[in-house]
Amino acid sequence: MKLLDSLRFHIATLFQGSRRNAEIEEELRSHIQHRADDLERSGLDRAEAERRAHIEFGGQERFREECHEALGSNFIDSLLQDVRFALRVLRKSSGFTVAAVLTLALAIGANALVFGVMDGLILRPLNVAQAESLYGTEYGDYSGFQSYPNYLDLRDRNRSFDDLAAFNFVFVGLDTGNNPSQATGYATSGNYFDVLKIQPLFGRVFHSSDEHGRNSAPYIVLSYGYWHSRFQDDRGMLGRVIQLDKHPFTVIGVAPPEFRGTLLFVSPDFFMPIVNQEQVGGENILDARGNIHGVFEAFGHLKPGVTLAQAVADVNAVGANLEKTYPKEVSHKSSSLSRQGLTSFGGPVRAFVAGLMLLAGLILLAACANLGSLFAAHAADRSREVALRLALGSSRNRILRQLLTEAVLISLVGGALGLMGSVALLGRLSMWQPFPGAPVHVPISPDAKLYVVALVLALVSGFLFGIVPVRQVLRANPYEIVKAGSAGRLGRRTTVRDVLLVVQIAICAVLVTSSMVAVRGLVRSLHSNFGFEQRNAMLVSANLAMAGYSADRVSAMQKRMIDAMETISGVERVGLVNNYPPLVYASGSRANVFKDEIRDLRQSNVAAMPFRYDVSPGYFDAASTALLAGRTFSWHDDKDAPPVAVVNRELAGKMFGSVTNAIGMYYRMQDGTRVQVVGVVEDGKYLSVTEDQQPAMFLSSLQSPSSAAYLVVRSRRDPQELAAAMRSKVRELDAGLPVNIDTWSTLLDVVLFPSRVATVSLGVMGMMGAMLSITGIFGMAAYSVSKRLRELGIRIALGAKRTEVLQAALGRAFKLLAFGSSAGLLLGILASRVLSFIVYQATPRDPLVLGGVVLAMLLLGLLSTWIPARRALSIDPLVMLREE
Amino acid sequence: MANQAQLLPGTLDLLILRAVSLGPLHGYGILLRIGQISRNALLIEQGALYPGLFRLVRQGLLKASWGTSENNRRAKFYELTAAGRRRLREETDNWNRLVAAIASALSVQPEEV
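Protein chains in written order, with my numbering: chain A, 1 to 884; chain B, 1 to 113.
You may find that some hints are simply not true.
To give an idea of the chain B side of the interface with chain A (calculated C-beta under 8 angstroms), a few residues [what the hints assert, rightly or not]:
#, residue
1, Y28
2, G47
3, Y50
What the hints contain is simulated information worked out from the structure, not anything from laboratory work.
Glycine included, every Cβ here is placed at the ideal spot set by N, Cα and C.
Please model the entire structure based on the sequences and the hints provided.
As structure tokens, then:
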């Protein structure tokens with residue numbers, strides 16, 4: 001309170017200086033009146049008494065002044081004076097101000113943006129109680145996948161967790177009576193909500209006690225978001241029975257709004273018990289120890305006193321033990337524990353954000369170098385003014401304060417602008433749904449932390465570079481400077497400013513190089529061969545389980561759908577692939593294969609782990625995958641026929657030595673089945689565009705039907721029209737079957753997403769770098785021209801040619817530019833090695849990239865020296881000499 | 001008037017603190033109180049009081065508030081803050097030491113040296 005009072009007092013005196021005067025006036029008058037009262041009491045009349053009182057009081061003007069002095073000018077007063085003066089100076093040198101503010105705004109904006117992303121993805125824990133002790137399992141390949149029986153054993157045998165919960169994703173057709181639609185949910189262990197200590201918004205959640213074995217708990221808990229958007233906050237939903245894939249589930253509660261599942265990216269529409277997953281997945285995972293996709297992640301709170309290392313050792317001990325007990329089904333990969341929220345995405349996300357941080361840091365560094373040279377030039381321009389003020393008796397302290405006030409003002413304005421920009425962008429980012437139809441979002445909300453970071457960054461960089469010219473000012477000898485005039489010394493030595501400029505240009509060249517490498521890599525990866533042709537191909541995802549088809553009816557219905565699609569005019573070929581086509585949702589499954597002669601099918605005898613696709617006849621034509629040898633599938637390769645496979649070139653080479661050798665050969669699957677290779681197709685990309693060449697095998701979908709599948713429809717017709725036609729065909733067959741129709745290219749966006757984001761970020765950073773180098777070089781060139789106006793004027797008067805004038809004026813700037821650019825280019829090429837991990841085919845050894853960078857830097861140089869060059873050439877020596 | 005003593009520099013502040021320590025007073029009241037407690041032996045220019053008062057307020061030794069005087073006029077009243085009370089004690093001790101030292105120095109007789 002006291003502080004507030006004094007602040008109020010200061011502010012009052014600040015804005016009401018006249019009131020302070022009035023108070024002093026009133027107090028002095030009061031004194032004289034009191035004295036006059038006394039004198040009047042002693043017998044004088046009032047007028048005489050007042051006259052005497054005035055005289056006795058003494059020199060009123062002098063005391064009034066002394067009073068003002070005694071009250072002193074307060075801190076805020078002089079601060080305001082500084083600010084007013086700084087504003088005047090900055091307005092006068094508007095070019096400097098705009099350049100400095102923009103530079104800072106760019107740098108602070110970029111850093112605030114990246115910090116916002118980092119805060120949302122990495123720093124902020126999951127929105128649940130005691131998130132700091134919550135850990136999830138992660139295996140060798142950074143995924144938490146494991147089988148459900150393994151999870152149960154881990155839950156019961158570990159000694160490190162209070163309790164262990166697990167979840168997996170389910171994609172279902174959700175029907176409240178008449179409108180089936182696709183929804184995404186978590187299938188969770190019964191103890192899920194109890195482990196997280198989550199209370200429902202209303203209704204109840206399910207518990208371990210609700211689980212009584214297979215399909216025993218037909219309950220769902222809706223997420224708040226889904227309840228709000230799909231059911232318009234209808235509390236009547238409680239107790240309603242809704243259909244998930246044609247199985248009845250009772251809505252027992254709604255989760256609280258702040259809880260959006262245990263993954264930051266994927267917020268589910270609902271939660272259901274994992275013991276009922278068979279009803280929506282069509283497959284019983286509860287007893288399948290070999291199915292490592294039974295559980296997406298297991299997690300729990302560490303017991304108090306248990307260290308992370310102990311817990312990891314414990315989890316690994318359980319895993320090793322399981323491998324020994326079940327050698328056929330379990331191959332234990334050494335596991336670790338990670339904070340909840342990102343799980344398997346944690347590694348790449350952290351790497352990506354770290355990369356962004358690094359780039360943003362570079363931007364800030366470049367901006368600081370830029371600011372440093374700007375401030376130094378600005379201070380040099382003002383050395384005469386500063387010298388005059390010193391000569392007139394101003395203290396150096398006061399002048400330093402003045403300079404710092406200017407720096408802080410600029411950093412505040414620049415920081416505020418940058419922050420505003422980044423908050424707007426972050427807002428857009430958090431609304432962004434990168435993939436249509438997938439509940440993926442970027443969990444970002446700018447908060448106080450962000451503002452503090454931006455403010456601190458702005459102030460620190462402002463202070464740092466406000467200080468650059470301080471030495472210059474303190475060393476200044478007023479007498480010398482006033483005498484010598486503004487021309488000063490002609491700096492031939494390498495100055496701090498030169499070094500700053502070279503550093504800045506080098507950093508910018510690194511950014512420009514990396515962004516070009518990235519853009520080029522992306523363009524190439526869009527045009528590279530994926531082993532299929534995504535253009536002119538539509539994908540129809542349909543899960544027959546969502547419409548209640550039993551396993552024995554699946555194949556027939558899928559054949560009817562293929563036939564129906566082929567009747568659409570303009571459709572060339574239709575095929576089907578179970579689960580997901582290559583490169584869709586980065587989702588593929590691998591299978592173990594063994595050499596034909598192996599009898600002991602233990603994990604250590606596995607010959608290869610190819611990706612497995614189950615495809616229908618016609619698939620390879622529809623996908624435009626080239627057949628290299630043998631044949632593809634026909635409708636006769638069904639359950640009654642011997643198992644056959646088509647392998648890719650990689651697998652053929654790996655197992656049988658060559659493409660031609662492979663045809664007619666046999667290999668074994670995990671369950672012992674002998675499969676004959678009937679064809680070999682070209683290699684392709686399966687999980688991600690950056691992967692090394694992987695083996696793949698294609699089996700006949702007729703021999704292992706699955707209710708979840710994609711139809712691949714090849715046609716040159718307009719996608720929109722085609723989608724409508726396809727939808728109506730599906731409706732004719734079964735109106736209750738929800739389908740999603742997209743082009744293959746659209747779905748490829750998902751796998752290309754990381755490199756696309758990387759490219760866009762790098763592109764933006766590169767642009768920023770370019771802009772910074774423009775302001776930097778411009779500042780330097782403009783400054784050197786204005787410093788040497790007189791010299792240049794004399795040169796012109798003596799008959800120098802235009803080229804000579806230009807060389808004198810800008811030669812140095814260009815030399816620095818060339819030096820900085822080549823250093824940056826070299827560094828950029830080194831840095832691009834790192835890029836190749838994110839961006840497919842990012843290689844700096846590309847003449848186009850190298851040429852592009854050189855050209856870009858040259859253009860930047862020309863652009864930024866244009867105005868100073870014009871100025872140097874337009875010097876009129878007569879005017880110049882008269883001026884001095 | 002002729003037998004009044006000139007103030008030593010710096011002593012006005014001490015006198016103001018002392019006067020105010022006896023109870024809250026307005027400016028003119030302080031002047032009267034100093035006259036009363038010094039038995040009118042000191043000459044103080046009336047206007048000189050105010051810069052001193054403002055200085056003490058700024059140092060946080062006094063605090064001021066507007067009120068109504070016994071003459072029913074608006075006046076600013078001053079009172080001691082805790083810091084002011086502490087300062088008064090210190091300054092009083094200092095003064096006493098100084099006076100004792102000077103008095104003893106001045107009263108020394110030739111044979112005592």
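Give me the numbers of the hints this structure contradicts, sorted from smallest to largest.
-> none
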